[in-house]
Amino acid sequence: MAVTFHIPGSLRSLAGGRSEVELDDPAGTLSDALQALWVVCPAIRDRVMTEQGQVREHINIFVGKEHIRYTGGLATPILPGAEISILPAISGG
Amino acid sequence: MIGELLGHYRVVSKIGEGGMGIVYRARDEVLERDVALKVVGKSAALEQSSRQNLLNEARSASALSHPNICTIHEVGEFDGELYMVMELVEGKSLRALIGGGLAAESVMRYGVQIAGALAHAHGRNIVHHDLKSGNIIVTPQGLVKILDFGLATRVPELAAEQTTSSAPLQGAGPIGGTLPYMAPEVLRGQPGDYRSDLWGLGVVLYESASGRLPFAGRTALEVSSAILHEVPPPLPDRIPPGLAAIIQRCLAKEAAQRYQQAGEVQAALEAVQSASVGTRVQPREQRGPLTTVLRGIRHLRVKDGDVLLLVGTVKGAFLLRSSRDRRRWDVAGPYFHGQAIYSMAYDGRDGRHRLWASTHSYWGTYLRSSDDFGKVWTNPQEANLKFPPETGAVLKNIWQICLGRPEEPQALYCGVEPAALFESRDAGETWSLVRGLFDHPHRPRWTPGNGGLTLHTIALDPANQARIYVGISAGGVYKTEDGGRSWRAANRGIRVVYQPDRYPEFGQCVHKFAMQPARPDRFFLQSHWGLYRSDEGAESWTDVANGVPSDFGFAIVAHPHNPDGAYVLPVESDEFRCAPDGRLRVYRTRNAGASWEPLMRGLPQKGAYETVLRDAMTADGLDPHGLYFGTRSGQLYGSADEGKTWTRILEGLPAVVCVRSVLIGEPCAGRSPKAARAPRVRSSGARPARPSVGKSKRRRRR
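Order-wise, the sequence lines are chains F and P. By the count of the numbering used here, the first sequence reaches residue 414 at its end, each step adding exactly one. By the count of the numbering used here, the second sequence reaches residue 740 at its end, each step adding exactly one.
Calculated directly from the structure, the hints in this document are not laboratory data. Here the structure is a predicted model, which is why all the values come from computation and not from measurement. Incorrect hints may appear among the rest.
Mimicking BS3-like on lysine-lysine, the simulated pairs with C-alpha atoms at most 30 Å apart in a straight line are [claimed, not checked]:
1) F:K386 with P:K434
2) P:K434 with P:K424
3) P:K353 with P:K434
4) P:K413 with P:K424
5) F:K386 with P:K291
6) P:K434 with P:K291
Please model the entire structure based on the sequences and the hints provided.
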């Protein structure tokens, strides 16, 4: 069962205009799933991750409705059918 | 103690008592004012070293001057007793006001002030370490005052005592009971840093919003466990999601997941405040995968002989075009809608017509270029500038784009935050970190200024390809004479006001410096308090603040032709970073700083509390040269006669952070045959670009 990434509006142009990207078999952790996403949409990687491999400060990732901060960060387990949302935080001026 | 004289302070009455000692109301009999006098209890039985530490740190904290921080007037010892004399703040503690929870508007209003105070202190390397609602006072006018800055953890014995206190955790004594405010990393025994204060701020905001502490328990052990492992209960429904999200981020268990600077919390709270009154602007993205074609923007039609202004703001870039009379301006933009543009440049070397801009948003920081004056911009697949993995550093922003010398037309430099220099040898295709500077032994002791730890100024010696100067806030001026392999501090004579050694080797908060194009060993420099000139390649600096209303400011620009000329835009003070007395004036020297005179015709002279940031003023290379600046309130002013008269070119922009001017071609180029009309461009960036193509038929100098 596929895993679905929800792509925020500001990054859709880097994902071929898609608001959702489905990946067939990214079983494992969120880190694995993201690696699979970067293969399909390479330009999204640096928008979401720093050069040190951490999620950018003002970017939030949710697996289902849970922020990954509370579910193990990049090691969060990804189950088949999971929905992963990438969203900018409510911050800044 | 009541009625006794401690030094020249007459003790009047007791205000409160806590682990750190007793606080009295006292009368300063010399200055005839009421003060708060804190006497560290003898029971504290401080070791001599701790006593000295406390003294040093309190003295350091006494340098803080911020409207939301209780000022420490004096620290000393009298008859073996340690005492601190502080501003007497009338009001109620936030803890006493909270009750069942404050209105969201009040939480935000107080939160903005607390975060602003923390940003001020953190920028001076002072961490509170014991932020809690009990040591935040709210005056009857609604002004927040934070007490006990820089004092809490300077006394490890007392901090430990408070941590393990068995006293009731709520409603405890006046100063006890800090455990519920302690960050997880502090509980784990790690030294707290700025981010521990941001945790404390999160606890205070949560408590203010809900009327209860986020992490509760019957014993210290239960509270500690909750802090380390539990998620706080949801906030009341009346708290807007935006505010809840800010509090939640402050309370991230891992410090790296929190806001990294108090200024960010302040900005976030202000944004939620704005949103709550219905002024939020929805961002609109227009980027493409590799390039961005900007539709819906009226682009400039640029021709040889034009003057361009590149204007970077916190929410996008604007391009302006005029003929050389510089009277009417066509405006295009905003480019990079919603993104902060801290640096722009124009590269006309090697036959190019290339604009550069750095864009900064949630999604990172990128260098973008356009070869057709903004119609199409590159949109790099990967971030162009990256810190190598072993540095552990993350690029926060690009503060300066600097062209290499005309004889090295593929060279580009970027100054970035955190403070570092990147260089490209292939016209911006690839970039590398200049390790000689990044690995400098001084680096661990550079401290961030209000804008972060930034390398914001780059100047290349046109005559010596191995010599480069950079400006770092707050590290000071650094200079290399071997092409970047080794660097040394070049701050002799630059005073600091925020540490005991007034003339340290490095650590100066240099706001901006400008190399004189006509005499490249001469510099003018605007420091965090202080206006200087060097005539010997930054080897030493002379104070030239002769006749300016304030020697605080940001922007400084060298006269493009006259080596004795320069311009500054003073602001009143560190605390009040606005034009003195609400009068917007550029100050000019024509005698190398021996005197400065105001230029004001056409500039508002009443109620103009404007701020002009470090890169927001520039000169063009014409004769007479033009001068331009943009303000934090979004106004753009220009002068075509070297500052004698001014006009407002634009208003209503987002806060302006960068202004650069560019001359396209020669004044008579329109009459030249096309084939011979290779672009000749002078840019007024960190250094003026020299003509790289063709020869100047005449070079007018004053």
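Taking the hints in turn, this is what the structure says about them:
Restraint check for K386 (chain F) and K434 (chain P): the C-alpha separation of about 29 Å stays at or below 30 Å, so the hint holds. Among the hinted pairs, K434 (chain P) with K424 (chain P) is consistent with the structure: their alpha-carbon atoms are about 10 Å apart, no more than 30 Å. Restraint check for K353 (chain P) and K434 (chain P): satisfied, since their Cα atoms lie roughly 16 Å apart, inside the 30 Å limit. Between the alpha carbons of K413 (chain P) and K424 (chain P) the distance comes to roughly 27 Å, so the proposed pair stays at or under 30 Å and holds.
Of the pairs offered as hints, the one joining K386 (chain F) and K291 (chain P) holds, with about 19 Å between alpha carbons and a cut-off of 30 Å not exceeded. At roughly 22 Å between alpha-carbon atoms, K434 (chain P) and K291 (chain P) fall within 30 Å of each other, so this suggested pair holds.
This entry satisfies every hint, going by the numbered hints stated previously.
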